[in-house]
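Engineer: One-letter residues, chain by chain:
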Amino acid sequence: MSTIEQKSIDVATQEILRKAEAENIKTAWDRLEAQEPQCGFGQLGVCCTVCAMGPCRIDPFGEGAQVGVCGANADTIAARNLVRKIAVGASAHSDHGRDVAHTLSLLADSHTHGKSGSHSHNYEILDIEKFKSLAQEFGIDTQKPKEQILTELSKKLLEEFGKQEGTLTFIKRAPKKRQKIWKDLNITPRGIDREIVELLHTTHMGVDNDYKNLIATGMRCALSDGWGGSMTATDLQDVILGSPVPVRSKVNLGVLKENYVNIVVHGHEPVLSEMAVKAAEDPELVKLAKKFGAEGINLAGICCTANEVLMRHGIPVAGNFLQQELAIITGAVELMMVDVQCIMPALHEIATCFHTKLVTTSSKARFPGVVHIEFDTNNAYEIAKQIIRAGIENYPNRKKEKATIPVEKMDLVAGFTKEIIFQILGGRHRATYKPLNEAIISGRLRGLAGVVGCNNPKQTHDYYHTALVKELIKNDVLVLQTGCSAIACAKQGLLIPEAAKKYAGKGLQEICEAVGIPPVLHLGSCVDNSRILTAASYIIEEGGLGEDLSDIPAAGCAPEWMSEKAITIGFYFVASGVYTVFGSNPFATLGSKNLTDYLTKGLEEVVGARFEFCDDPMQMAKLMIAHIDKKRQDLKLKPMVYHA
Amino acid sequence: MKNLYYEVDKCVACKSCEVACSIAHSATGDLFKVIREEVLSLPRKKIHASKNKNYPVSCRHCQEPLCVDACMAKALEYNEEKGLVLHDESRCVGCWMCVMVCPYTAIRPNIKTKIPVRCDKCSDKDQPQCVKACPTHAILWQEEAVTKR
Amino acid sequence: MKNFIIIGNSAAGIAAIEAIRKIDTVSKITVISDEEYPAYCRCLISYYLAGQTKEKDIFYRTESFYRAHNVELLLNKKVARVDPKKGRVVLRDRNQRSFDGLLIATGATPKIPEAVKGIKKTGVFGLRTLQDAKAIAELLPVTKAAFVLGGGLVGLKTAYALRKKRIDVKVVVKSKQILSQILDYDGASFVQRRLQENGIDILLGQDITEIIGEGEIRAVKLDSGKAYDCSMVIVGKGVSPNIDLIKDTEIKVNEGIVADSSLQTSVPSIYAAGDVCESLDLTRGAHAVNALWPVAVEQGKIAGTNMAGGNLRYDGSLGMNSLEFFGLPTISLGIYRPEAGEKFEELKKSDPGAQVYKKLLLKDNHLVGAVLVGDIKSSGAYLRLIRERIDCSSIKDMLLQEDFGYPHIVDFVKEKENVYV
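Chains as they are written, first to last, in our numbering: chain F, 5 to 648; chain X, 22 to 170; chain S, 24 to 444.
Read the hints as simulated data drawn from the structure, not as lab findings. Where is the CB? At the ideal position from N, CA and C, for every residue including glycine. Take these hints with a grain of salt, some might be off.
To be verified - Just the calculated beta-carbon pair ranges, DEER-fashion: (1) Cys74(F) to Glu368(S): 19 to 27 Å; (2) Val444(S) to Leu36(F): 26 to 34 Å; (3) Asp145(X) to Glu40(F): 29 to 37 Å; (4) Phe65(F) to Val60(X): 31 to 39 Å; (5) Lys135(X) to Leu114(S): 39 to 47 Å.
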């Protein structure tokens, strides 16, 4: 039983955990304790529940059964289990992308059929440049009228999901050398849905028994997410909801306000939370809030949808994955609206301990007994208003004596996209990646790191993210972040320009000061990891840092991961040539030495990158920096200006 | 006299032994029927984790049993011939004195049935059912002399 | 070949017989009991009253036991006095028996609060012996309402038994909580709630001043002035050790007969064990009477062994109680509440929703007491920590863990662990 300080380094989290303990409310940490010890076979990945001849286990000590009933050994079983998770992670991201593409097509419909009126509050094309640029990528003539481009583009985007042959269009964004590697390995993704189906097929009883082949199919599916579903989501969200620009905001539970109606959006799809943002500003609703005794409506976010509305509107972030229950436990939240992914079933019971209303909005994510107000893109604004109104009407039910809002809220700067980095780093002259490349080549910047991913109660919450990032920027590595990892570091004050002076090495400091950026750049939500892929491609295109993504002095890390999506992201990064470290729990593969060795050694020869499993943030930093240094050496770059 | 010994390093906490134990002491002896029995058969052994190791805990049938001394209803008795501490349900009143004093926390109270839950080395079967059920062979059923070696 | 006399035929006496016979099969053993039954499970009396335990099942040992262990059993005989100088006991019927070794295990008798008017009327009972239980049981068919005086274990178990027999029962407790001798205030409120939810009326902070009735009891009057109809009063106000038989001797007495770490009294060859015995309480570091069945058994074992020439050391007694009312198991070990001026470190977990309460008291990182309500399965581990005086500094944050058990203390216990290989 760990102490509160061992559970999280975040003071606000500690405070609410104490409140939860005092009020006998069980959180994820308590439920983890009740689950321990967790089954060793499961942890090692050698439990197979695929078919009814099982369930089978491989004895990791070599004495008992070494094969399942069908004859599958530990390598096959562990590999099958692992790639199934890739499929699920890809499904989550790609389905999200599909929903956005679908929204675009509805927009196309409404424009074509001349619907007007209330849709002034629904969606429209907000980033015309990106819209046109996308159209060009899909071979559409941008001289045509906007409505026609829209119709053609939305059709083509939706087709990416159902494609049977050919390759995904966004693959062409990758450096030519990387595209060739994929082609030679036969892992270029053909169609978003197809890759998931084929991957699942190979894991059916009695199909693929070759762990290397399973991993190859897994990589192809992961690529269909990273360069397909996720990238579609990211780019189309920018088109419809506007591309982010650097924005200053606040993060942590302290963003909840004592005298305001607090509404929390939680989940992943911003087509919903965008409308919530608009509805929260509706004068009619603000007036209603005042009528109910509040000073106004305070919208805050949790998890990726928080990142989306943060990036685009500067909406404050209440917390990351492990804080979702804690937000409710403050007793100060009138309503939490959720859509899909990373939403704990426990929220329902916890909400019943308070006045908080929990509302589900997606037909894909229901809770027994919870109010469901189904979100419909056709009537988005009205539905959002309905939900906000329910929150307002709940305000008088808040028991002020039971409510505790921690004071902690930290400033952060978010809103960095590949285009922004272009613009910012281009300085006064023109939008270009040249200064960034120059910084790396000249040795002011050692390289780049992507630190991303979730939280896991098995580790001290937020500690791994922040310790790692601090160590990296100390060594002049510019850190790009997404997801709950970004929120973790933001809470500790790493995402503000001031952090450069406090924590960054001299080289990185100089750059941050010159350009006015923090040493850690928040790129958005988990689908926005695709921004890193495109940014990396631009870096190669700019020149001077090799010809393939694996040449860039860069490394990735998911220090506190927990979801299947994290595995998929890991695989699409490795398959794209980025050395990626996973913290704490290695993938459940240790029961198969062959598979583990393949992932952590063998893959390097195949795709030019590999995984690393490590459970100490200082060691993670050491490994990543060593990798970056090696890449610098291979490129024969100048030595670092400020470090040995 | 054979006893249960545990190779702690081999226990992966899969709890197959707990499941097998429940089934062995159930009315139907059938996993799928067991979970629907009116009185659920609780496992007589439990796995505890401590410092990254897993420890199965079960009654050790001590030769100087503290539970027998503590029992105020004379429901527990050490049978030398069988090498077992036997429990007489007809005398037991569910006072939980045995739970209170067991130095190995090997007895749990079953509040519903008011009977203490403790291992009986499956004396009505050929061997304790957990032994076969353990997939890593972490449970040993052998003479004390063998273990001492 | 020696001559051993054991006065008393319950937990301590029987344990002594078995202990003596383990190392000495030839000496004479005579057991003198003032009751008419062979040894029975005294703690089961309230279960007998409730109709749960049948008379045939209440016996701790049967006649065959005494024969098999070659013991002369004298029933219905009271020892009037002990004569240490002459090495003999004198019975009330003037008979005398001499001894080489004497074990006094005379137990204790219910305290009767003399100040209550009418306390000596018929219809007022203590509940200590099978005889008491039978007398009460006889009257139950004609009893509608009864009062129990005292909120201790005996009082509450009696109330529980009467409730099971559908008697309307009220418990009068002087203290502000029930079970004030074994539970802290918070722990006691959990138990009290459960009792009240099941129809047992508890009047706290009140006392009986008068028992009213001519011939038969009609009512009781409390110090509030209020009177209640009832026809039976059961007194559960604690017990006092039966030390009358040595009152004119040089055997050291306090509340009970004072015994050392061999359970020998101040007179060599005379030993004491059980509810009459005042030995070192290892949690308090002072002598005290801990009138509890498992304590009596352990003391009887050691006293008997030592009387027969053995050399066992008694580390001391401690409070250890286990009870369950209406499905809420409760255990109390050692020191459950600091006395005025005492300071202990307290670790506490209270979850009324799940009906679980745990409180641990530590002194200098050593566990000295525990109150457990609702979840009692870690008790054996706590008991070991207390008895073996284990330093808990390195495991303090684990102590209240739900699955705290033997594996968490295996590295600290004194014996050689041989089951984990």
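Engineer: Please flag the earlier hints that this structure goes against, numbers listed from lowest up.
Structural biologist: Violated hint (a single one): 1; every other hint is consistent with the structure.
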